[in-house]
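Peer 1: Heads up: the protein sequence lines correspond to chains A and B, in order. Heads up: the first sequence is residues 4 to 576, going by the working numbering. Heads up: the second sequence is residues 262 to 350, going by the working numbering.
A couple of the hints might just be wrong.
[As the list claims (entries may be wrong)] Here are the simulated lysine-lysine pairs, DSS-like style, with alpha carbons at most 25 Å apart:
id, chain 1, residue 1, chain 2, residue 2
1, A, 36, A, 105
2, A, 487, B, 306
3, A, 269, B, 347
4, A, 481, A, 467
5, A, 206, B, 279
6, A, 144, A, 154
7, A, 206, A, 467
8, A, 144, B, 279
9, B, 279, B, 294
10, B, 338, A, 206
11, B, 294, A, 44
12, A, 117, A, 144
13, B, 338, A, 269
14, B, 294, A, 144
15, A, 44, B, 279
16, A, 144, A, 114
17, B, 347, A, 206
18, B, 347, A, 338
19, A, 105, A, 144
20, A, 154, A, 36
21, A, 269, A, 281
22, B, 338, A, 336
23, B, 347, A, 467
24, A, 44, B, 306
25, A, 338, A, 206
Just so you know, these hints were derived from the structure itself, not from any lab.
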Amino acid sequence: MNQFNHLDTDVLIVGGGVAGSMAAIPALEAGLKVVICEKGKVLDHCGSIGCGVDHYLTVMDTGPEWDTPEFLIKHVPELTDHIVDMAVASKVIHEMPRVFRKIEALGVDFKDRKTGDYYRLRSFGLPGTYHINFDGTDFKKHIGERVRKGKATVLMRTMVVQLLERDNRIYGAVAFNFRTGEWFTIRAKAVVLAAGDVNRLSKNASGMAFDSWHFPYNTGDAQAMGYRAGAVLANMESVEATLTPKGFSTQGLNALVSLGAYFVNKSGERFMFRYDKKGENARRAVLADAVINEYLLGNGPVYLDCRHLSQEMLDRMEYTLQVDRYTLPAFYKQKGVNFREELVEISVSELSIRRSGVYFRGSGLAVDTHGETSVTGLYAAGDCATVSGGIAGAAVLGHIAGEGLVHRVRSTGSLPDIDARAVEPVRAQSMAHLQRDGDFSWRELEDATRETVTDYVGVRRNDKGLRLALQTLHALAKREPELKADDLHGLMRVHEARNIRLNAELMATASLARTETRTGSAHWRIDHPQPDEQHRRKFVLVSRGADGPQVETLTTDHAIADAFARNKTAAAA
Amino acid sequence: MKTDVHNPIVINPDTCVKCNLCDWICPGDLIYKEEDNRETLPVIKYPDECWYCGLCQTICPTQAITVVFPDNMVHNKTDVATLLGKVAD
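Next comes chain A alone, as it looks inside the complex:
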């Protein structure tokens, strides 16, 4: 054990983004000891929105019926094409106003600087103006500050590589610092996985893996570790894409559509209404699906058209776009394009595993209404969990998990000692990548994964293609022990690349099981091109089996937690 620094804590949080930080806050308020492991270096700017955010989705309960949790909850089944855990989604929506007020109390100013009021917009098919458009440059800074003031222990540039689990109960994790090479064993009564979505998963226009719409340093670490520890995952078959300026996979679609931008094809046709009566205000999944179809029909290139907008709206759009991605104006400038006066060619982004372009149906670790996964003591929140809703979803489910784990921690007696025989091989196998002589790099593993995902697990799937992809992914898995790392940073990337590959395998496995098409190209089976409401209005659940991922289905009339072993045991008792 002398190879490890050992920490004992009540709560370990994996990922210091919005979900992880919002989980830390109630735990700290309850007086619990909290350790956060984060691959970034500074809590105020780490995670998906460390650079800023421009929209926050919330019901505010200000009076009108549409602004109540009940109204939004009523629309969730249609927003998710009926594949949604209503128990958890309802809890999240009910908690939205309270968590929103709490974030305001942390110092985040959601109000419009000019009017002094909230500027609320409608977008992405939502049945009300739920998105607050605001300057969230410092959003994460306020949340990070609160966590630091709460005296959480934060291990920066530290990657958790394995959870410690015994008898379906989590009791800690193994991590390493990729700057110093220090290894840690962390014993904890509760662990929160909040490491985000899965990126670097498929090809994009620029061909640069780290040029991704979402944060490229989110690589499905939580989903992979949760899976290996026995947790149930759901909705892994669904993929998400967005629309981006061609060549730069960047955020900003919400600002564009909520402020009135159009999309036109090569004939100048504003085509979105052919796909949805809401036109550009349809769900992100529908917008991406429409552009995918236009390209496949030969109607590309597709362009962003803002020329009809008022100067005031264009000013707001220009300001908002650089809040979400600071460098976007520089990109347009270098490109020599003025989006106010010219058409801008757009592309479909690379794919990610996140929430498939709809709100409240996340792809990842299944949780109950306390944020707890099927493994006791293991929680999940944010884009790695099955109820996800952008920044607000991460904040609210994170907060729910942080409150939910308090009881779990207080009712937990002594934890098992950390077994040196269990953890030393984890370190040794990892460090062995630094000694490899071959030339199999994490880049090669990732490139091969991206190629097969793009070709056969992406937006056009069939049985044969998915099986071909699985063959490739299984063959790659066998080669993983050969992976060579040049340095500690490279070792971190080796672990990331392995996690990306595993997530791709889970996605392909779940996609095979969903023999229908659901939410357009979020899960488009060309051999089963229609939704099958009679047989397939079910969750596809994936978990670790004896020989790899095993699949079961559960009707969406149930909460996914009904399939958790501890609830089955409780019901039997």
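Mind docking chain B on chain A? Use the hints.
Peer 2: Here is chain B on its own, set in the frame of chain A:
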């Protein structure tokens, strides 16, 4: 630093105060600056892993950093249809 890939940020050696903030804020662990040494410049050690977020540019106290996009991003020629998968039959 690798020389065969595009360098995502340009650091002006005349105005850089060698303070370490760019290393501190980079979310991808790409920028390495020797600590407590006011003589050495930051090094972009893993340039092809950049997200082009510009956090380093925003935090630089002397505006010594400029993000520069590579040609394959700015003047991209990819046929989008090639990103939309193959149909196995």
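Peer 1: Residue 105 of chain A and residue 144 of chain A: Cα distance at most 25 Å?
Peer 2: holds (15 Å)
Peer 1: Check the hint pairing residue 117 of chain A with residue 144 of chain A against an upper bound of 25 Å on the C-alpha distance.
Peer 2: holds (22 Å)
Peer 1: Given the hint that residue 338 of chain B pairs with residue 269 of chain A, does the C-alpha gap stay at or below 25 Å?
Peer 2: holds (16 Å)
Peer 1: Does the alpha-carbon distance linking residue 36 of chain A and residue 105 of chain A stay inside the 25 Å limit?
Peer 2: At roughly 21 Å apart (the allowed maximum being 25 Å), residue 105 of chain A and residue 36 of chain A satisfy the hint.
Peer 1: Could you grab the alpha-carbon distance between residue 347 of chain B and residue 338 of chain A and see if it respects the 25 Å cut-off?
Peer 2: violated (31 Å)
Peer 1: For the pair supplied as a hint, residue 338 of chain B and residue 336 of chain A, confirm whether the alpha-carbon distance does not exceed 25 Å.
Peer 2: holds (18 Å)
Peer 1: Is the Cα-Cα distance between residue 144 of chain A and residue 114 of chain A 25 Å or less?
Peer 2: Status holds; Cα separation ~17 Å.
Peer 1: When you check the alpha-carbon spacing of residue 44 of chain A and residue 306 of chain B, does it fall within 25 Å?
Peer 2: holds (16 Å)
Peer 1: Check the hint pairing residue 294 of chain B with residue 44 of chain A against an upper bound of 25 Å on the C-alpha distance.
Peer 2: holds (13 Å)
Peer 1: Is it true that the CA of residue 144 of chain A sits at most 25 Å from the CA of residue 154 of chain A?
Peer 2: Holds, at about 16 Å.
Peer 1: Assess, step by step, whether the Cα of residue 487 of chain A is no farther than 25 Å from the Cα of residue 306 of chain B, and give holds or violated.
Peer 2: holds (18 Å)
Peer 1: Just to be careful, I want the Cα atoms of residue 206 of chain A and residue 279 of chain B compared with a cutoff of 25 Å; is the pair within it?
Peer 2: violated (36 Å)
Violated hints for the displayed structure, listed by number in ascending order: 5, 18.
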